Amino acid sequence: MKNKIVYLVFLFSFFMSNNLIAQNIYVDLELVLAVDVSSSVDEEEYQLQMRGVAAAFRHPDVIAAIEATGGNGIAVAMIQWSDNEEQALAGGWHIIRNSSDAAKYARLIKRVPRIIPGGQTSIAGALSFSIDQMNNNNIDSTRKVIDVSGDGRANNGVHPMNIRDLAIEQGITINGLVIINEEPFLDGYFERGVIGGRGGFMMVAEDYRDYAAMILQKLLREIGMPVS
Amino acid sequence: MINKIFLSIFLVLLINNVNAADYSYVKNRIAMLSEADEKTRVTIVQELGRLSSNANLIIPDLISILENEDSHKVKMEVIRALERIGGQANTTVPALIKALSDENWEIRWSAAGALISFGKKSAMAVPELIVLLRDPEEYVQNAALATLGKMGPISVAAMMDEVVKPLDYADDQFKMRIVCIRSLGALGAKAMISVPLLIENTEHENPLLRLEAALALRKIGGDDSMPGEIGWLAEPDEMVWPKGSQIEGNFLMFAEAKQMVLITIVNTLLKLTMDPDLQVQYAAVKGLANFGNKALPAKDKLINAMNRGTPEMRRVAIDVLANLGEEADDVIPDLVSALADFDANVQWAAIQALRKKGKKSVPELIYMLEYDDDSLTPNILRTFSELGPNAIAAVDNVLIMLQHSNADYRALAAEALGEIGEPSEIAIKSLNILKQDKNEYVSSSAEWALNELERIKDIRENNTNEE
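Going line by line, the protein sequences match chains C and V. As numbered in our numbering, the first sequence has no gaps in its residue numbers, which increase by one up to the final residue, 231. As numbered in our numbering, the second sequence has no gaps in its residue numbers, which increase by one up to the final residue, 468.
Hints in this document: simulated from the structure, not taken from any laboratory. Fair warning: this is a prediction, and the values are worked out from it, not measured in the lab. Quick reminder that beta carbons are idealized off the backbone N, C-alpha and C, glycines included. There is no bait here: all hints are sound.
Listed next, with one range per pair, are the computed distances between beta-carbon atoms:
hint, chain 1, residue 1, chain 2, residue 2, range
1, V, D301, C, N101, 43 to 51 Å
2, V, L58, C, L169, 30 to 38 Å
3, V, S65, C, E46, 42 to 50 Å
4, C, D64, V, D373, 21 to 29 Å
5, C, E70, V, I460, 35 to 43 Å
6, V, Q404, C, N141, 36 to 44 Å
Partner residues aside, some chain C positions facing chain V, computed with beta carbon under 8 Å:
hint, residue
7, A58
8, R110
9, P187
10, Y192
11, A215
12, L219
Isolated chain C, as found in the complex (with noise of 0.2 Å):
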């Protein structure tokens, strides 16, 4: 008896040991940035995005909103994409409090490297990856985003429709960054195809030039709450 006591001891705490080890960690949002890398985009045009985001993360505004969106702070990691067999999470996931963790995320984006060279533009690959690091990061979070940023209509894999509306059936909100610069209408593409979810929203900009002021914007009606 004593021994079957002891047995069972030994298993509820090997169980409430596993679960704890197993346990998310949880935030107010989790936010992919899901970063165009493909041949359309050159290596000043990828130093202006890395150099955007970082300039972003320290922005008192976006600090202050990372701090009042419910005290969890947030969680963000970047992947760079390009056709549909290209994917790269870059420098992993990150849990952003304050504003020590905001300039430490900032420096590691400064230096990412453009870790895929180019290839074609497959948005529904970048969307399934991004999902699948979101389903995958042992985090949990009320909030879902995946803010895809792109400067071309998908030329590869299947129709990012397709994959939008698994995301959304996840809860997951999508919302586009759209650089013109190449397709004039790409804005409408994205806006059928591409976002969608509670809150889903689509930024436009001109050029390259523009991305640094329009991921700031983004960024903060991203971790605020959503309006819809």
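Place chain V on chain C using the hints.
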């Protein structure tokens, strides 16, 4: 159910044996299409499409399916398969042209998009694609535009034809003109022949047309492809440029001609900076950023815009000033003043402009840092970070900021030292002290900077030892 499993296994094997595909093998798959349900037919067509050029021999079968199939899902997949296979343009393109008038918009959309794969071989589709620019579905319009954009001079001519038409030619002619002007801009240097027509539109009484023409001109002028790199320019039966771009003399002639066009575009944009419409002014100023020191005559106008314009105008004016080159180095004090702008995006533009100016901007930044002005100091420190090693002359001034009473300034100064990357003894010692700061932002920034400096020091010592 068992049949479905067998079919799935069969299809997986099919994918794995793409290269082994032979006529009878593929014909079997085609035969299955007449018996299977819609979902299976879609799957089979998708798999056939994946055979890519190996499936050239089944193009007639696919076209036959496209013409006789009732399910629009299957038809869409057939179009995608034809796009992926990409062969037999003489047969495929007419079939796709026929699909452009399908009553289902998704079929029209897919067909218009698929024609892209055939490049100039799909030139015979231009009249139908132009009609699709008036399609009620925006998706279809966009796909038609994208395809026209890949066709070079034939579509340029067709779009110019639409721009020339009077606005009362059709009810939607105004919209068509806007769409075509925008598309000409998207074609970049390929649409250089349309520059005179676009300049004409910058003088139109309607500000929207002036705006679109300005945007198109700046895209055409901003496309830095040299004439010899634009395939069609070298083709004898096509317009504007003479044959033989690979010969040095001709190449120089093309380059000179392109320069003349660029100067004309810059002059037009300079003129548009005085336009009564603010949006047109903004587009013109932003456009000047593409032309480097060619925009120098606008310097005073840009400084004025930087100080008095809307936040957006101030930002783009700074961007242009940053690209003017050495002849505009006297704007550095104005750029430093812009660090104190109340708009965050203007501040960031000024930081980036000073980064582009490099070492030359450091003395003015040091001078202004000594004022310890709350509206300037943080952005001066951020600029030193962006300048990195180019700000080495500012190290002593940054070291002083490590003792500032404002914690944010201490953190920014620590980061600037890390980015400048000069591992002097005093910098390392000061950062070691700062690591103990009670403010987490300060201590973590000091720790990061210290790691950076020690890493750089190690590299330098290793290099010295190797020598």
